[in-house]
Amino acid sequence: MGDSGYFSENDLIKAIYTAWNIEAELYLLNDGVKKIDWHSKESPFTKQSKIIFSSYDDNEFNSDVLKEFGYKMEDGKEERNIIDINTGKIVKYEWSEVKQLV
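Counting in numbering that gives the first Met the number 0, the final residue of the sequence shown is number 101, and the numbers go up one at a time with none missing.
Just so you know, the hints here were simulated from the structure itself, not pulled from any lab data.
Ideal Cβ placement from N, Cα and C applies to all residues, glycine included.
One or more of the hints may lead you astray.
With beta-carbon atoms standing in for the labels, derived distance ranges [what the hints assert, rightly or not]:
1) E8 / I84: 20 to 30 Å
2) K76 / L28: 30 to 40 Å
3) N20 / D57: 29 to 39 Å
4) S48 / K76: 16 to 26 Å
Given these sequences and hints, build the entire structure.
This is how it looks when you write it as structure tokens:
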């Protein structure tokens, strides 16, 4: 497993762009979970969180996990785009404002 870290972000699109920027997977912690227990005998991801975005997986995978939030991913001219399902518009975030994991 590579590096891991936490950040608190209420804006889902900003969180996705942050994970994308550092080529990380993004997980949403389940209710009541404050921090992942990496030393748990069970996989910490199955009971404590769910995946929201994976920079290494394809558009179909990411669209499946983003669907419940009203988004999907498609190939753009230069990079993948996050699309708002209801409006069909590309959703972007200013790269200079994305956070780094701490």
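Results for each hint:
Our hint of 20 to 30 Å for E8 and I84 holds, since their Cβ atoms are close to 21 Å apart. At about 34 Å, the CB distance of K76 to L28 agrees with the hint of 30 to 40 Å. Hint check: N20 to D57, Cβ distance near 19 Å, so the stated range 29 to 39 Å is violated. The hinted range of 16 to 26 Å is not satisfied by S48 and K76, whose Cβ atoms lie roughly 33 Å apart.
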